[in-house]
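S.K.: Read off the chains here:
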Amino acid sequence: MAAPGWRHPRARLAAALRRLRAARQHRALQPPRAEPVQAALYVHWPYCQKRCSYCNFNKYIPRGLDEESVRSCLSREAQTLIRLSQVQRISSVFFGGGTPSLASPLTIAAVLETVSRCAHLAADAEVTLEANPTSASASRLAGFRASGVNRLSIGIQSLDDAELRLLGRDHTADEALGTLEEAKKLFPGRTSVDLIFGLPGQSVSSWARGLEELLQLCDDHVSLYQLTLERGTSLFKQVQRGSLPVPKQEVVAEMYESAREMLRVAGFRQYEVSNFARNGALSTHNLSYWQGSQYIGVGPGAHGRFVPRAHGESLREARIQTLEPDSWMKEVLACGHGTRKWTVLSQLEVLEEVLVLGLRMDIGITHQHWLQFATSLSLWDVFGTSEEVKELEDQGLLLLDNRGLRCSWKGLAVLDSLLLTLLNQLQKSWEDRTAHQT
Amino acid sequence: MLSLVTRAAGVWVRLRRACSAAALLCPQPWMEKCPADHVVFSSPYSSHKKEKLDTSIFPVENIRNFSIIAHVDHGKSTLADRLLEITGTIAKTDQNKQVLDKLQVERERGITVKAQTASLFYSYEGMNYLLNLIDTPGHVDFSYEVSRSLSACQGVILVVDANEGIQAQTMANFYLAFEAQLAIIPVINKIDLKNADPERVEKQIEKLFDISKDECIRISAKLGTNVEKVLQEVIEKVPAPSVNISDPLKALVFDSTFDHYRGVIANIALFGGEVQKGHKIVSAHTRKTYEVNEVGILTPNEQPTHKLYAGQVGYLIAGMKEVTEAQIGDTLYLHKQPVEPLPGFKSAKPMVFAGMYPVDQSEYNNLKSAIEKLTLNDSSVTIHRDSSLALGAGWRLGFLGLLHLEVFNQRLEQEYNASVILTAPTVPYKAVLSSAKLIKEHGKEEITVINPAEFPDKSSVSEYLEPTVLGTIITPDEYIGKIVTLCQTRRAVQKDMVYIDEHRVMLKYIFPLNEIVVDFYDALKSLSSGYASFDYEDAGYQAADLVKMDILLNGNSVEELGTVVHKDKAYAVGKAMCERLKDALPRQLFEIAIQAALGSKVIARETVKAYRKNVVAKCYGGDITRKMKLLKRQAEGKKKMRKIGNVEVPKDAFISVLKRESEK
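Heads up: the sequence lines are chains C and W, in that order.
Per our numbering, the first sequence runs over residues 1 to 438.
Per our numbering, the second sequence runs over residues 1001 to 1664.
Be aware that a few hints might be false.
Here are the computed lysine-lysine pairs in the BS3-like style, where the Cα-Cα straight-line distance is at most 27 angstroms [what the hints assert, rightly or not]: (1) 390/C to 1349/W; (2) 410/C to 1567/W; (3) 1601/W to 390/C; (4) 410/C to 1601/W; (5) 1601/W to 1349/W; (6) 1349/W to 428/C; (7) 1640/W to 1458/W; (8) 410/C to 1495/W; (9) 1627/W to 237/C; (10) 1601/W to 1495/W; (11) 237/C to 1601/W; (12) 341/C to 1632/W; (13) 1618/W to 1567/W; (14) 1627/W to 1640/W.
These are calculated hints, taken from the structure and not from any lab test.
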């Protein structure tokens, strides 16, 4: 029963039917090229010390945490799912959360060791850990490095103490900068910082001042996120109630625009909507999401996209692990993994994800990249003759040329609007093509 | 065969109900006091145990036909409840509230939409009387129905609230009764209320109606105080109908309802002769002949009788399939015995039009059948199929007035659970054509324009006309200033202003109808803290400087938003529409100019700025599923949007601009 990939018999039947349907649909086209036998690995640490006012991630404030059990479950699930995927190589590992810097370096080491046992994990493979300034003293950071972490992503969020309080962060700007200083020593060239803009009460100039300050001190990677008010967060409620004013759309657009420009001047390449790097310090792990590569998600609520080859499948599945840590642990103990939901993705659905994610990158989707997923339907076939796509090109928002399909500088900021036209066009071409072939 | 069985079963159910009404009648005082040989019931149907009442026991001189008329909420229905109780027509319980108002909308709004009639039996000074209470719709939208109901009466009870005094509708109703030369019994109701001031109301009545205050009866319909006195006054003051049974049949149709099993049930008042089952009758309006299946009185449920005699009021069923066959105001006579039709018949004339669309096009057929069912009982609603590029297939409906429209909509929602998009109401304009070509095309010089798309250009028109109404406003005098200003902004012309007592003023204005169809009443109520009352009547057409206004999106006209407006109002209306559209249009990848234009002249403009940033910040492994779902839903929505040039307009945007303001 506890064999890898155990499923409830009825769920198996439903999944088999879904696969059958998907398979019929994709027979219309040539089969996709075999998925490369590698995947990125995401490990979710679900615990935090304190709830931030803006965060709706899957996280828990633990009471009497039994870290040893969590550790063994993470390792156990990593093993089950890597085997299920039959990948030979794990290209990168990312410890996210929650607050994974609250975990003991031992836990990190244990998971990495399991990964190395199940698949090849190159010595120089990127291993990132998300760190919160308060739980990342110099000694702990050294411990993580000793465990195998070689890249750090620090949630600085703001350099204004009032803003940090508003966000419910439990650190000051000085503490954050201290952590950054230590991290740069331990992970030179591989330390990233996160900042949030569009905060209540923030102006374009106060935002620009904060960013300017950070640019003096940061390493080679910066992620900038516009504040998204998520339902169920305390910040959302305050804004709904009208007790907190949020900056207008125009102002937020201006913040984004000015930040992009400042980073460009500072020598950073905006390689994705929210990510900036210099000296080639791109995050290979995150790039694999945007490139539509396989990834395995381990830990409560983690998402994955991979082909469960051990079941003899050839189609990719979208998989979600059980959200609640205690239930997740029970399931891992019972059957080796806590996968709560798996959905077979049709070939069109995979292409839709490739399109949506690929265009987030500055290089967009190259012809070669696209053909990995659609062997007989080129970017030209899909978008080359569309009037609406042409209109977007004429407006200077989109480019389709010999390199591939990508956004212009201006287009990247309004990608979600462009995608609606592109998704409808992709669906139309796909239907035409399928109808034509059957 | 099957359908026949079903029909029969249905009839049986109805009869059972009629039976229980008859049972209710039994222990009534009039029966106890009547000598037994005067009360003649026919032998019951063996199968149905149905008893037929013989109304011949009531000679014409013992019949009184009367109505109760009042302003909204002055207590008309409560008084009717008491009258029904006192005469034993219904049992006396605490539940008798608005017994004659059967519709949910009537009870909620405290108005009468569909008039009900009840025959009451009452014994007074040793005589048995048949008192026919002919209920009337309580609003001016239905003034034609009111006048038809009144023409079946010889007298009215005019109810005035002791606290509120004479209101606009009291005036309108009084004049209808006065013009019909009916006996008027003034009744001051709600004297039990703390703030009741019956003396002040008596003075108003004296001043405005020239009725001596000694004639007023002070009552509390709620508590039953002095209600008996009202009944006695009806007998004393209302004359018996002046008719003759030996004359040929002459019956006025003053209301009609539709029954699924029996067809049209016409409420009639007999001005001559008699009618019974088997008679062949003819409609003076349609000239169609029918055979009478059933006649009876309303108690208030249908109670079959052998015959109806001159002077009586009751119902008649004669195989009419549609309510349009029994139009209100029509005269019925016996086949081959034509009579001079009763005066005053006219077909209902819609004054307010509105588009009605299903919220979801898949609901079209359900809505269609709901509208058909509702109009079965309301021949005054006109229906034309219409379609809008934005809202899909629907109808353009014509109503007698605003309340009529609201009531219709509310009934659709309450009784048929239909949810509809109702567009802002418009009025029927007219154009006097000057172009010979157009005159030839239309076959006449003066045309009525309902759809703005068909509004003829000024170059081919010598004159545009708009409908007007004579509005009556009664208000405490402290609000006069504000009300006069409001009326002026509505292009109204003052006709009269008179103090009806020390503090209350009656104002009369001629209003263009379109100035009051949208929100006039709400504005009036809010600026007078609810104290001013308003009523209006048709006042014909007047010349007006009308223009057609187009709404443009980036220079392209949006057909469904074109409107006809008065030139003086074009800017205000255009600006308001542009603003509403601005709020409703989502940002797009380019700037959108929203313009209101008269011909090529732009009179108002709003701008929707282009998106500068519209991309979700975070998109990592865990965000993808949710993100894809959202994008695909939006992409589906995009397919459904209506494109005006390159501007995508969601249906919601049209709805928020087109729908009635009050629904916002």
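S.K.: State for each hint whether it applies.
M.R.: Status of each hint after checking the structure:
Among the hinted pairs, residue 390/C with residue 1349/W is inconsistent with the structure: their alpha-carbon atoms are about 54 angstroms apart, more than 27 angstroms. Taken as a hint, the residue 410/C and residue 1567/W pair is broken in the structure, with Cα atoms around 44 angstroms apart against an allowance of 27 angstroms. For a cut-off of 27 angstroms, the pair hint linking residue 1601/W to residue 390/C is broken: about 33 angstroms separates their Cα positions. Straight-line distance between C-alpha atoms of residue 410/C and residue 1601/W comes to about 35 angstroms, which puts the hinted pair past the 27 angstroms bound.
The suggested pairing of residue 1601/W with residue 1349/W is violated, with an alpha-carbon distance near 36 angstroms, which exceeds 27 angstroms. Restraint check: the Cα-Cα separation between residue 1349/W and residue 428/C comes to about 51 angstroms, which exceeds 27 angstroms; the hinted pair is violated. With a C-alpha separation of about 36 angstroms, the suggested pair residue 1640/W and residue 1458/W falls outside the 27 angstroms cut-off, and the hint is violated. Among the hinted pairs, residue 410/C with residue 1495/W is inconsistent with the structure: their alpha-carbon atoms are about 64 angstroms apart, more than 27 angstroms.
Our distance criterion of 27 angstroms between C-alpha atoms is met by residue 1627/W and residue 237/C, whose separation comes to about 22 angstroms. Proposed proximity of residue 1601/W and residue 1495/W is contradicted: the alpha carbons are some 36 angstroms apart, above 27 angstroms. Proximity of residue 237/C to residue 1601/W is assessed by CA-CA distance (about 47 angstroms); at most 27 angstroms being required, the pair is judged violated. Distance restraint check for residue 341/C and residue 1632/W: the Cα-Cα separation of roughly 20 angstroms lies within the 27 angstroms cut-off, and the hinted pair is therefore satisfied.
The hinted pair formed by residue 1618/W and residue 1567/W fails the criterion: a straight-line CA distance of about 52 angstroms is larger than 27 angstroms. At most 27 angstroms may separate the alpha-carbon atoms for a hinted pair to count; residue 1627/W and residue 1640/W meet this at roughly 20 angstroms.
Hint violations for this structure: numbers 1, 2, 3, 4, 5, 6, 7, 8, 10, 11, 13, all remaining hints satisfied.
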